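Once you have looked at the hints, place chains B, C and D on chain A.
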Amino acid sequence: MLIKIVEEVDLQEAYHYLQDPAAGGIDLFVGTVRNNAQGKHVVKLVFEAYAPMALKEMQKLAAAAQQQWPIEKLVMLHAVGEKLVGEPVVIIGVASAHREAAFTASRFLIDELKKTVPIWKKEFYEDNSVWVNAHP
Amino acid sequence: MLIKIVEEVDLQEAYHYLQDPAAGGIDLFVGTVRNNAQGKHVVKLVFEAYAPMALKEMQKLAAAAQQQWPIEKLVMLHAVGEKLVGEPVVIIGVASAHREAAFTASRFLIDELKKTVPIWKKEFYEDNSVWVNAHP
Amino acid sequence: MEILLFGITREIVGSATLKVHPEQPIQTVGALKAWLAKQYPAIGKLSSLAVAVDSEYAEDTQALAPGQEVALIPPVSGG
Amino acid sequence: MEILLFGITREIVGSATLKVHPEQPIQTVGALKAWLAKQYPAIGKLSSLAVAVDSEYAEDTQALAPGQEVALIPPVSGG
Numbered sequence: 001m002l003i004k005i006v007e008e009v010d011l012q013e014a015y016h017y018l019q020d021p022a023a024g025g026i027d028l029f030v031g032t033v034r035n036n037a038q039g040k041h042v043v044k045l046v047f048e049a050y051a052p053m054a055l056k057e058m059q060k061l062a063a064a065a066q067q068q069w070p071i072e073k074l075v076m077l078h079a080v081g082e083k084l085v086g087e088p089v090v091i092i093g094v095a096s097a098h099r100e101a102a103f104t105a106s107r108f109l110i111d112e113l114k115k116t117v118p119i120w121k122k123e124f125y126e127d128n129s130v131w132v133n134a135h136p
Numbered sequence: 001m002l003i004k005i006v007e008e009v010d011l012q013e014a015y016h017y018l019q020d021p022a023a024g025g026i027d028l029f030v031g032t033v034r035n036n037a038q039g040k041h042v043v044k045l046v047f048e049a050y051a052p053m054a055l056k057e058m059q060k061l062a063a064a065a066q067q068q069w070p071i072e073k074l075v076m077l078h079a080v081g082e083k084l085v086g087e088p089v090v091i092i093g094v095a096s097a098h099r100e101a102a103f104t105a106s107r108f109l110i111d112e113l114k115k116t117v118p119i120w121k122k123e124f125y126e127d128n129s130v131w132v133n134a135h136p
Numbered sequence: 001m002e003i004l005l006f007g008i009t010r011e012i013v014g015s016a017t018l019k020v021h022p023e024q025p026i027q028t029v030g031a032l033k034a035w036l037a038k039q040y041p042a043i044g045k046l047s048s049l050a051v052a053v054d055s056e057y058a059e060d061t062q063a064l065a066p067g068q069e070v071a072l073i074p075p076v077s078g079g
Numbered sequence: 001m002e003i004l005l006f007g008i009t010r011e012i013v014g015s016a017t018l019k020v021h022p023e024q025p026i027q028t029v030g031a032l033k034a035w036l037a038k039q040y041p042a043i044g045k046l047s048s049l050a051v052a053v054d055s056e057y058a059e060d061t062q063a064l065a066p067g068q069e070v071a072l073i074p075p076v077s078g079g
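Protein chains in written order, with the working numbering: chain A, 1 to 136; chain B, 1 to 136; chain C, 1 to 79; chain D, 1 to 79.
All the pointers check out, no bait thrown in.
Pairwise CB distance ranges, derived in the manner of DEER restraints:
| id | chain 1 | residue 1 | chain 2 | residue 2 | range |
| --- | --- | --- | --- | --- | --- |
| 1 | B | H98 | A | M1 | 21 to 29 Å |
| 2 | D | A63 | B | Q68 | 52 to 60 Å |
| 3 | B | H16 | A | H135 | 34 to 42 Å |
| 4 | C | S47 | B | D111 | 12 to 20 Å |
| 5 | B | P52 | A | Q59 | 47 to 55 Å |
Rather than coming from a laboratory, the hints here were simulated on the basis of the structure.
Keep in mind the model is a prediction, meaning the values are calculated, not measured.
The C-beta atom is built at its ideal place from N, Cα and C for all residues, glycine as well.
The following block holds chain A by itself, in its conformation from the complex:
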């Protein structure tokens, strides 16, 4: 598995890593910066990670996915720092013999990453900014 916290996530790096002669299906999920959040115009996002713990938590999720589905290769890349609208922030990739496992495991990994991995996103709008999820 390839699990990293980086300045810039790289789709080609992810795909290159995922290629495998035993894989028939590769699912890649790319989370990107959207121009809109709860109806507000987003200018940029800033991501911050508790990197050693975030890597550990991602490794736990990867291990859980590998226990549940037959996975040949697995990638989790997350960016930190400032990201503008349209830029990629996170890449999840799963290569499996069959597409079912690739889709299901990718979905699991991004859903769980958002719940448990210690990474924080601050959204900047035109007139203010907010740490996402911080308040009820």
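Same frame as chain A, now just chains B, C and D:
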């Protein structure tokens, strides 16, 4: 939407096309040549398409997906000709505001493509070859 | 009538197009399928066979007319 | 005890680490949370707050000991 039958599918082309300021999630599915089919060692695949009809059928699937899910951008690329183990054959990509639609629509598009789009695959093993699905 | 052939049907017939000269005119898609299965028993053994008329899947009852593009669609296996 | 701070907790406190010098020693994760919420009311208003000890999520009952790496984990929002 970007729908093509090509000699080589290109992941960067697909991702470049899918980028959209309104998209928060991009799902890319890449179907690749697996070294094994029903326990037999695969040497290569050869794909053949009835291109005008295949493009029409892919466009119908894309339109059906766009009716069912909120999609910003959609890509369907399929290769023809000889493909070796590990090489990409088909790329499906969906960009949507939220990841749910991107995953679900990608899955729908690849599942339906395999059922209705007039493209044929011949599998070459070490000692013979067979048109996939041709016989019961 | 000329028919486009792909995949295993192209290999069974041995060419990418088939000129059909039946003794009696073939009026429908269903009649074409029946005629082909008689001429080429290997076509009758496929797990399924569809016909496309002007690059759309056609029902067995659809009438065939001159000038249409007719193609045989053996079981697809893309992706 | 020194605590690592991230995201909104870093901004509330105004620095990336917090040196904690309570009058009485803080024995558990739960006690640390209670002490922080008293010192920094804004921390008490977060939708949730977790504590990591040696980069693992810790239960409120977990004992704190010298030499551990302790971090506040406000609600995560990666991805």
